[in-house]
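Asks: Sequence lines, in order, name chains H and G. Position 753 (the first sequence) corresponds to 753 in my numbering; numbering is contiguous. Position 179 (the second sequence) corresponds to 179 in my numbering; numbering is contiguous.
Think of the hints as simulated: they come from the structure by calculation, not from any bench. Some clues are possibly wrong.
Unchecked claim - Each pair of labels, with its calculated beta carbon distance range:
(1) H/Ala764 <-> G/Glu110: 16 to 26 Å
(2) G/Gly219 <-> H/Arg578: 47 to 57 Å
(3) G/Ser136 <-> H/Val487: 20 to 30 Å
(4) G/Glu75 <-> H/Lys400: 25 to 35 Å
(5) G/Gln230 <-> H/Phe18: 55 to 65 Å
(6) G/Glu110 <-> H/Ile372: 38 to 48 Å
(7) G/Glu75 <-> H/Lys397: 23 to 33 Å
(8) G/Glu75 <-> H/Gly515: 47 to 57 Å
(9) H/Trp500 <-> G/Asn41: 20 to 30 Å
(10) H/Arg578 <-> G/Glu75: 54 to 64 Å
(11) G/Glu223 <-> H/Phe18: 14 to 24 Å
(12) G/Pro40 <-> H/Arg21: 16 to 26 Å
Claimed, not checked - Subject to a maximum C-alpha distance of 30 Å in a straight line, what follows is the list of computed DSBU-like cross-link-like pairs (lysine-lysine):
(13) H/Lys508 <-> H/Lys397
(14) G/Lys137 <-> H/Lys498
(15) G/Lys143 <-> H/Lys400
(16) H/Lys397 <-> G/Lys137
As the list claims (entries may be wrong) - Cβ-to-Cβ under 10 Å is the rule here; a few derived chain G residues that face chain H:
(17) Ser53
(18) Pro74
(19) Ala79
(20) Gly82
(21) Val90
(22) Tyr91
(23) Met94
(24) Trp97
(25) Glu110
(26) His154
(27) Thr165
(28) Leu168
(29) Arg184
Note that the structure is a prediction, hence the values are computed from the model and not measured. Heads up, the beta-carbon is just placed ideally off N, CA and C, and yes, glycines get one too.
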Amino acid sequence: MQRRNVGLIFAREIRDQFRDRRTLFMMLVLPILLYPGMGVGMLQMTVLFSNQEREAVILGNENLPETPLLIEGERFDKRFFTKDSEAAHGLRLILETPPSNTDQEETDLDQRDLILKAHQLVELVRQKHKIDQWEKTEDEVEETPELVQLENELAAAFAAFPADLVIYFPPGFDQFINEYLSSDRPADNAAITDDLRPVVVYSGADESSQIAYRQLASVLGQYERELLQKRGENLNIPGPFLQPLFERRDYDGDRHNVEDAAMEAQHSANIWSRFFPTLLILMTLTGAFYPSIDLGAGEKERGTMETLLISPAARSEIVLGKFFTILLFSIMTAMFNIISMGLTAFYMASMTGDSQSMGMINLTLPPISSFIAMSIMMIPLAAMFSAMSLALATFAKSTKEGQYYLTPLMIVVMGLTIFCMSPGVDLTPFNSVIPVVGLGLLLKNLILSPISDVDIYVYVLPVLLTSIGYSMIALWWAIEQFHREEVLFRESERLDLKLWIQHLLRDKEPLPTTGEAIVCFLTIMLLQFLSFGLFQGLFSDPNISPADAILQALSLQQVVIIASPGLFMGLLITSSVRRTFRLRMARPKWIGMGIVLPILLLPLAMTLQTYLQWFFPELPDRIKETLAPMSDPDLSVFKLLAVFALLPAICEELAFRGFILSGFSRNGRTGVAIVFSALLFGVMHMIPQQVFNAFLLGLVLGLLALRSGSIIPGVLFHFVNNAMGVLAERIPVETFQSRPVNWIATVDQQGLHFSILTLIICLAGGGACIWHLIQSTNDISPALEEEIPPTPLAVSEG
Amino acid sequence: MIDVAGLTKTFSDVRRGEVEALKNVSFTAKAGEIFGLLGPNGAGKTTCLRLLSTVLRPTAGRAEIAGFDVVKNPEQVRAHIGFMSGNTGVYDRMSAWEMVEYFGRLYGVEESVRATRQEEIFGTLQMDDFRDILGSKMSTGMKQKVSIARTLIHDPPVLIFDEPTSGLDVLVARSVIDAIERLREQGKCVIFSTHIMREVERLCDEVAVIDQGEILAAGTLDELREQYQQPDVEELFYQLIADNRANTASAKSGENSP
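In isolation and in its complexed conformation, chain G is listed as follows (with noise of 0.2 Å):
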């Protein structure tokens, strides 16, 4: 469902020059499989994930989705995922109905599909209160909600969250992780990122850790418990990080000193 292949995307950035934000990322996920992308803030999770919906092309790499490529075909790839992040805002001047019919009408939904599918929707996600409500006034939850279902009313093979549950209360992350697991259920390949490990342990069949635009390990939960001798997720997730900058730091310690 999703092959990535040395995925590379560099920034000029005037503070630091040249930034490669992701350095040569490869993985695959399949169909019915949670993957979870671990890391820190500005690991390079965002980017990753922005190259797979085309909203950024990669500077160099290879990225499949559902059997298109990401710069070839980018229109059938953004046919085919449901994406959402921290960038991909609610309408202010719509509402939570008028927002997901939009969508669905963009996907070229047939009518009555997308109105049985949106009543359907709007039930199992609880949003029936706020239908009518304009994105101005809805709540952090609510528009979560409506993000959410603006993903899934074109039923898309893949779905791509980055962070889905930041900024929720406990009752409406619940519900987010929720809607994930019954997203695995029906078959779909999910790709989420997140810092938070309960979630990770609940939810993900494979994972990689990501830091400083590069994995740094993947693998099921177990097989990297067991890689290394870590039970504790959050521990190891820890360890592996504090490494990689420990090495990166002599690293550079290095080159400069001759």
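One chain only, chain H, in its complex shape (with noise of 0.2 Å):
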């Protein structure tokens, strides 16, 4: 590998993107027209939005004081407000009792009919507040069929509400309000009681009441102040020193609290923390997206790649020597986007000034810690996509190929983008190590750091970590296409459905190809999607009980989605269907290994799995459900074998280290074909704890499938390893009671723990056996069975 080539093969690629108008659009050009463009739009939007005028019903308006004067005409009085158009169009007031000066005659139908919904509403918030005293968090209150049930009626009357809210003053509020500022007694400072308490409905889901309810709020809050300071100037004390007055409960529609000002902060990061990293992860896929399909696909497209492979740089170094190109575009794309958005937001906020004529959202800035965070953050997030994408574009032949093949890229990208964003789903152990969700999740805590409950620098470094190692494993196989002659120079073809089969049944091998060892895992997955719902309906008859429905589905499962497909692939498109499944006698080293080994190692898994629970998350109780019926200590133990370890240790065996490891292990590459087969082996299994297992057992069972080249101490080792399992649950716990046996393992609650002594035996035997499965040779090497003898190299006389 030599430095030199790769920058200059990298100095090239970017003069070359730097000279294509489309990247330096879709890099430069496009966010910096697209946020302001939109940010003028959101604007007038929103200017538009907030001059609507809003409807509030008052009731019970003929309750309110005469001075201080709270309502002129059909509006607040104008000193309620500090903008003088929010005063002109700010809310308009329905009156339950007109002014005087109006003809009581004229009020129409409609109106009368708003006012009747409105005391209805009122009613209801007040009944609902005799149970729950004013309460108005959730955890206090006890949640009462009867509370629930009203609290429905409130938001379905809500829903059935024309105007935007209602403030209702009881009978008396005048007379209170007159000898609270009247009194110069201070005893009578006591707040108002509950049943002259003003009384607001509004509902925060609908916008529009929502911003009606903030205008309102500020007009009570003035009011209320004015109150004070005349109580205050008759006290002698200054107003703000007084107890507040209304403490007023408004009821939220929808919900059961009312938006308190704490929560502002939280909520505009809210917007933040989804905005950002979302635009994040898409814009570096996208950055990255049209210069690996420029530098791989156009490359071919364009007649030049051969050009380049002749040059004496290596294929590791143009790769890299791209990927870094590709990398560079993907971070300046971001990047761009980022500032271009956070500075168009920034404005914004800067002009609306204060939060409440943007209507719900408020701008403020997350802090610019966060942005140098998320860009250090975000350089392995672009590494992977950008290897990925080279992958995938040096495997297109024409750049509108390519574009199909990263397309399914985008689409799954974003579908975890939005996972990650959905609210509930927080930093854990287990998701921090998911490719992209990891990521994602990191970046939106860290814009809601401040307030946010996690801690989240413990995630940072196996969130990094596991990021660079998937961009890592991304940027090999990226090397691994440009290894591949028939990527490189792929003819266009037409496809042809028919030849293709024919030529699949016609040109047979006698191993599978990689291609199709993976077409049997994807055929594997797709039944066991289809067949969840099968299951279900076999689990949901009631004339099959529970653990007989359990053992039929797994049986099923086990032949029909798990075995066929590669059975009949094997049968179909191979030569040689003895060698593709290994079907031939091992030597009885490997036989004894098979069934010793496995005894050797469940301890050491089994133990493993107790120290790593806290990182998988928590088992669905449906599954837990389901499974329960199996500790039944009626059900015969011979089915439980049959089920949990004889099937699944012939079906899975002939499927993963028959059809699939074949598929990856004929071009020699071992320990690759090893590792993808115990991979997907693991995917198999569908739950996290599972799946891991799944994986180092298949990292075991390969090993010992390539070295014997049979596939018998497979299946021996999968069927003593799960009988195992099976039989450890139905040891009566008193056995583990009593010497020699509580030597071995002790069982309490968390279940069995075996001793000290037994995992250094277990590590030194299962260690001695992998060591010696390393060091050893293949029985059956490919090149020993190879059916065309290699050709001669003659020389022929010219």
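Using the hints, put the two standalone chains together into the complex.
Replies: Listed below in structure tokens is the structure:
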């Protein structure tokens, strides 16, 4: 590897990209124009939106005191507004008792209906408050069915309510205020009683109602302050030192609690914590997307791929040069987008001043440190996207094809991003190692950090390390693509399904190809997905006992879903079924290992699993419930052994160590083949705990299959391993309480605990066996069995 | 300089199944000599030259260039050859000068040497008028000259040209042929493929006729004329190919009929 060549290629590709108008447009021009454009549009929308007149129904306005004046005509008095526009266009009040100068006869029917509905709403709220004692938080109030019923009625009533909000002043309110203001005894400082308290009903879910409520709240706040001030003058105490007067418990028609000021910051951070990371992830991918198509498929399309390949630069150097170019463009695109969006947001926030006129959106930006942290986090993400895009784009024959391959990547990443940004999804040890998800959640938390309850710094290192790991794998894959002749020199062929099937059946090769192995795996996964519905039917069938249903479902799953795709494909498209499935006897050494090794490894695996419990998300209750009948002591052990041990041992070995491993190991790269087949074997198990366990198991099984050249040791291993798991459930607890069994293991609520001695013996024995496996050579190497004799190197005399 | 023995390449093709694009091909070419690879379209010429340039890996057999094995030392082989074919295009967004400069640097030619050599090559190939023209704006002839300049910038001992005159007008084709002739005078080993007999007669010291992946005949032109009793090279070439096709057709029908 020469750094000089990588640098040369990098420099050339960068210059090339800068000469491409499309790339520059995507990276620079688009973000610079897009966000300010969007900002202008948004501002116009909000201006229109907030200038709309909103309606508030005032019930019991006749109960308001004459002074201080709250309502003037159809509006709140001007002195409650700081901006003239709000005073003129803000809330339009619909009064229950119209001012005396208008004729009562003229009140139309609609208005009377509106007032009637408003009364119903207020009545419901008052009923509710009688039950919950005006308490506002959910956890303080017991959720009685009556309360829930009331709340549902309220929500329905508000949904059918045409105006934006209701405010009700109870009878006697004016009297209270007058007394309050005229009294000169500080003892009367007590706040308003429940029956006299004004009631406000609005809906937090309805944006229009929300805006109306903010205006109303501000007006009532001013009004209250004025009252306090006046009383303060009477008592010679400054107003602010008085106890608040109303202690309103305004009622949000959709939620129990009222928006309170402390939530404001969190609210705005929430918007950014969703918006910035989403945009950052998607723009990082988009930024990698277009250059990679140009550098991969475009190079082929323009006929310069071979020119580059015949230069002295090694293929890995070419890939690295291209990779760094894409990485740079990916990062720059994301940066320009974030900067342009940040500036637009900043400008908009400064222009609109306070958050109220923006409606619900508070544009307070996250601190600059969040931005810096985000930029650093972005690099491994960009690296992963760049390498993956480059690999896919190299595989493509043309730029058009490149876009087809990259679109699914885009969709998957979008799905993962949406998952991260959904409320309630937070960083957990397990989430932090999932590609894209871990980083997305970390970004989200970085913006939320001042108010986040997760201690995010614990996760920084694991997220970064796994992300770097994923990028390395993706990069390795891209280099791999560049080493494949069929990828670099694919001719444009017309897709002819008939011809292709003919080709598969006619030109059979002894072993499946890697592609065929992957198709086999995908078929298994697809069948498994489709079978969910089928098994659901089986479980809900009242004629079958739950335990039998599970046994039937698992047997079906093993035979139909796991074993048959590989078997069918093996029979149809390979010429040597015996070699594909390794159907031959193994040496006694390997048979013995198949029996002894699982016994040694099981305690280790179980112990490891207990130590890693914290890492995995808890099993959903549904799965626990489904599996519960399995520990029923009446169930025959033989039945359990057949379904949980024998069938998986045969079916899973045929599929994974047979067809799939043969497909992967055909190019002679055994290490890669074992890891990949184990990975797929793990993924097939779906439940995270099992995925991890099966992956480890798959590594050993793959190694055993390749070394022995036979499927038999693996089947034995798999059977013994699963059988021990089944039997462990059946051993009575008392067995572990007496000697000598308690030297091996003890049992408590958490399950089996193996003694240190057992673990040491197992570690030594198992380690020795695996070391021996790694050190041995394959009993049957692919070359030995090559059906076509190697072509002689004879030199023909010309 | 070039030593090829038993070179074989098979591809898997959807339509035809396993295809042997090159079957057990052997030949040698020496320094100061122009070796011609003659064959119709699809004969396996390009595959053979791609194997020599290490872009493809042989299925079987061995090839050595300037003492380096194409499988074991591909980087060294690439450093010692100049390769040009219909598939080695010119970058659209690079000027003629930049393109040659870039490859000179990739080959690790010292900057001062590269600069003088590049001036020299641009002079002899009459490329100075389009130094700064981008690849996307060049004519076919200009592109071909840039490609030739690219193969010469590191002064390799072996040059491999796959149909260097295809698609060129008479004037440019002539200058390309002249350039190849000069290379022989400089003691280079040149291997080039073509289906144009006049070029063969003018340039080649030795030829190999290739069809359907096999070498049908090899030697100097005089040797071939004598061996097949045919003074006209074009006729000789045609006869060889026609006979070979007739043979394989009859072999095939023989296989199929009981």
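Asks: Is the gap between the beta carbons of G/Glu75 and H/Lys397 within 23 to 33 Å?
Replies: Because 27 Å falls inside the window, the suggested range holds.
Asks: Using the beta carbons of G/Glu75 and H/Lys400, state whether their distance is inside 25 to 35 Å or not.
Replies: With a Cβ separation near 33 Å, G/Glu75 and H/Lys400 satisfy 25 to 35 Å, so the hint holds.
Asks: Please check whether G/Glu110 passes as an interface residue: C-beta within 10 Å of a C-beta belonging to chain H.
Replies: violated (13 Å)
Asks: Holds or violated: 20 to 30 Å for the Cβ distance of G/Ser136 and H/Val487?
Replies: Holds, at about 26 Å.
Asks: With a cut-off of 10 Å on the beta carbons, see whether G/Thr165 makes it to chain H.
Replies: violated (18 Å)
Asks: Honestly, do G/Gly219 and H/Arg578 meet the 47 to 57 Å range at C-beta?
Replies: Given about 49 Å between the Cβ atoms, the range holds.
Asks: Would you check whether G/Ala79 satisfies its interface hint, that is, whether its CB is within less than 10 Å of any CB in chain H?
Replies: This hint holds: G/Ala79 lies near chain H, its Cβ roughly 4 Å from the closest one there, short of 10 Å.
Asks: Under the criterion that the straight-line Cα-Cα distance not exceed 30 Å, is the pair H/Lys508, H/Lys397 satisfied?
Replies: Within the cut-off at roughly 26 Å; holds.
Asks: For the hint on G/Gly82, just tell me whether its beta-carbon gets within less than 10 Å of chain H.
Replies: For G/Gly82, the interface hint holds, since the closest Cβ of chain H sits about 9 Å away, which is under 10 Å.
Asks: Checking hints one by one. Is G/Tyr91 an interface residue toward chain H, by the C-beta closer than 10 Å rule?
Replies: Holds, because the Cβ-Cβ distance from G/Tyr91 to chain H comes to roughly 6 Å (cut-off 10 Å).
Asks: Checking hints one by one. Is G/Ser53 an interface residue toward chain H, by the C-beta closer than 10 Å rule?
Replies: Interface hint status for G/Ser53: holds (5 Å vs cutoff 10 Å).
Asks: Just tell me: holds or violated, for the beta carbon distance of G/Glu110 and H/Ile372 against 38 to 48 Å?
Replies: holds (43 Å)
Checked against the numbered hints above, the structure breaks hints 1, 8, 10, 11, 12, 14, 24, 25, 27, 28, 29 and satisfies the rest.
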